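Enquirer: The listed protein sequences derive, respectively, from chains A and B.
Just so you know, we're using my numbering here: the first sequence kicks off at 1 and counts up by one.
Just so you know, we're using my numbering here: the second sequence kicks off at 1 and counts up by one.
For the record, the hints were derived by calculation from the structure and aren't laboratory data.
Do not rely on the hints blindly, as some may be mistaken.
Which copy is meant is left open, because identical chains are indistinguishable; a pair holds if it fits in one copy or across any two.
[Stated by the list, open to error] In silico lysine-lysine, DSBU-like type, Cα no more than 35 Å apart, as pairs:
| # | residue 1 | residue 2 |
| --- | --- | --- |
| 1 | K57 | K115 |
| 2 | K98 | K212 |
| 3 | K98 | K57 |
| 4 | K10 | K168 |
These numbers come from a predicted model, not from an experiment.
2 protein chains.
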Amino acid sequence: MTSSLSQSVKVLAFDVFGTVVDWHGSIVDEMRHVAPGVDGHAFATAWRAGYKPAMAKVMSGEQGWTLIDDLHWQILQTLVQPFGLSHLDEAQLRHLNKVWHRLQAWPDSVGGLMKLKRHFIITPLSNGNLGLLTHMAKRAGLPWDCVLSAEVFKAYKPDPATYLGVAKVFDLQPHEVMLVAAHHDDLEGARRCGLRTAYVERPWEFSRTEAKDVSPQPGNDLHVRDFFELAQVLVGEG
Amino acid sequence: MTSSLSQSVKVLAFDVFGTVVDWHGSIVDEMRHVAPGVDGHAFATAWRAGYKPAMAKVMSGEQGWTLIDDLHWQILQTLVQPFGLSHLDEAQLRHLNKVWHRLQAWPDSVGGLMKLKRHFIITPLSNGNLGLLTHMAKRAGLPWDCVLSAEVFKAYKPDPATYLGVAKVFDLQPHEVMLVAAHHDDLEGARRCGLRTAYVERPWEFSRTEAKDVSPQPGNDLHVRDFFELAQVLVGEG
Numbered sequence: 001m002t003s004s005l006s007q008s009v010k011v012l013a014f015d016v017f018g019t020v021v022d023w024h025g026s027i028v029d030e031m032r033h034v035a036p037g038v039d040g041h042a043f044a045t046a047w048r049a050g051y052k053p054a055m056a057k058v059m060s061g062e063q064g065w066t067l068i069d070d071l072h073w074q075i076l077q078t079l080v081q082p083f084g085l086s087h088l089d090e091a092q093l094r095h096l097n098k099v100w101h102r103l104q105a106w107p108d109s110v111g112g113l114m115k116l117k118r119h120f121i122i123t124p125l126s127n128g129n130l131g132l133l134t135h136m137a138k139r140a141g142l143p144w145d146c147v148l149s150a151e152v153f154k155a156y157k158p159d160p161a162t163y164l165g166v167a168k169v170f171d172l173q174p175h176e177v178m179l180v181a182a183h184h185d186d187l188e189g190a191r192r193c194g195l196r197t198a199y200v201e202r203p204w205e206f207s208r209t210e211a212k213d214v215s216p217q218p219g220n221d222l223h224v225r226d227f228f229e230l231a232q233v234l235v236g237e238g
Numbered sequence: 001m002t003s004s005l006s007q008s009v010k011v012l013a014f015d016v017f018g019t020v021v022d023w024h025g026s027i028v029d030e031m032r033h034v035a036p037g038v039d040g041h042a043f044a045t046a047w048r049a050g051y052k053p054a055m056a057k058v059m060s061g062e063q064g065w066t067l068i069d070d071l072h073w074q075i076l077q078t079l080v081q082p083f084g085l086s087h088l089d090e091a092q093l094r095h096l097n098k099v100w101h102r103l104q105a106w107p108d109s110v111g112g113l114m115k116l117k118r119h120f121i122i123t124p125l126s127n128g129n130l131g132l133l134t135h136m137a138k139r140a141g142l143p144w145d146c147v148l149s150a151e152v153f154k155a156y157k158p159d160p161a162t163y164l165g166v167a168k169v170f171d172l173q174p175h176e177v178m179l180v181a182a183h184h185d186d187l188e189g190a191r192r193c194g195l196r197t198a199y200v201e202r203p204w205e206f207s208r209t210e211a212k213d214v215s216p217q218p219g220n221d222l223h224v225r226d227f228f229e230l231a232q233v234l235v236g237e238g
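Isolated chain A, as found in the complex:
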């Protein structure tokens, strides 16, 4: 099974926020410097909570095509008053908005991607925009072969245009592409389009103190602890 997977799969597409990088911990760290009195955990959670509703507005047509940088900015503006950030001027808020460009990779991400890159084309498939993903990769050392984003397909995951878009870019059948993600809804979207799927446990995605449920769910081709285990399982490199 696994060795047949490693032969048929040509491209590994990675969800990014939470799967490759630690958005929650990175924002908590940033807030410690920017606004020490603010509850960084609550702030990060609130910012992220606005993300899916904002994308849903775009996908329903209520709002025209909008990049994640701009959606993050719209959400951030609604958080200034409730979180007591009015002492920050616009330049400071714009800088804070770009914390999403500066998210830190999970400890295994760079090393695991380097191993996987020897055998597969590795690309992000993120709702983050191209500029965001490129800055993040350059800063964190993520060794992508290219950068694919919702921005290329003008659709947000879990829209089929994104998953099938990756296969089309590489002139492949859907089953020759595997989505790697820490989120079951994302994996389900990919599976419906015929992609292979690997769930990666990221227990500390939403909090540094309280682990999320990472127990296996049916349907995925693989369930791995981290990117080193993914390399080990797919190509025998741990």
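Place chain B on chain A using the hints.
Expert: Here is chain B on its own, set in the frame of chain A:
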């Protein structure tokens, strides 16, 4: 001037065919194996000659949006009979069509890009499609920070949507982006959009024995021999 350039420019966007990779020599080499009796020089020249008219058809609306892989395929089919390639079956011709994914880098390309990457975001801005550019980069070791292509902007150079698209992806003003290319028409298109431009001499682009005219023309910010000189001029690394 040069030091102010290196401070204001944030992104270097590179034309690829002829500027980063040697399409002519690579196709000549491939033909030596695939069809030893054929005049590789004439064949490469004919294939490339079909390229601009094919893109013009797409940009005029005569043909819907078509990837370069498919345009190359259309042109190749017109060359089978005149170049005596009828002994090749469809699989062999499909493989030959992907020679554009396997083009060899000029000797200074990888080393020069590595130096430039320390100071700038480096990306291709090519009419080649994303799959082609990604395969090429992986094979040749081109260390792009991301892969931008006409495919992202759904327009072929010299359409302004491509040059301005790069600035928009990175939320920059046009003068903060520099196009690096071996072709004056491409550089002129970029200049008209307000980008900075660097001409790079590639005397052997069209033939290994007859150099093309690489004498300086007015209008470009820089005129360099190769990517090492570009790094030397921009950031003092030779």
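Enquirer: Now look at each hint and say whether the structure bears it out.
Expert: Here is how each hint holds up against the structure:
no., hint, result
1, K57 - K115, "neither (38 Å within a copy, 43 Å between copies)"
2, K98 - K212, "within (26 Å within a copy, 45 Å between copies)"
3, K98 - K57, "within (22 Å within a copy, 41 Å between copies)"
4, K10 - K168, "both (13 Å within a copy, 31 Å between copies)"
In the structure shown, a violation is registered for the earlier hint numbered 1 alone.
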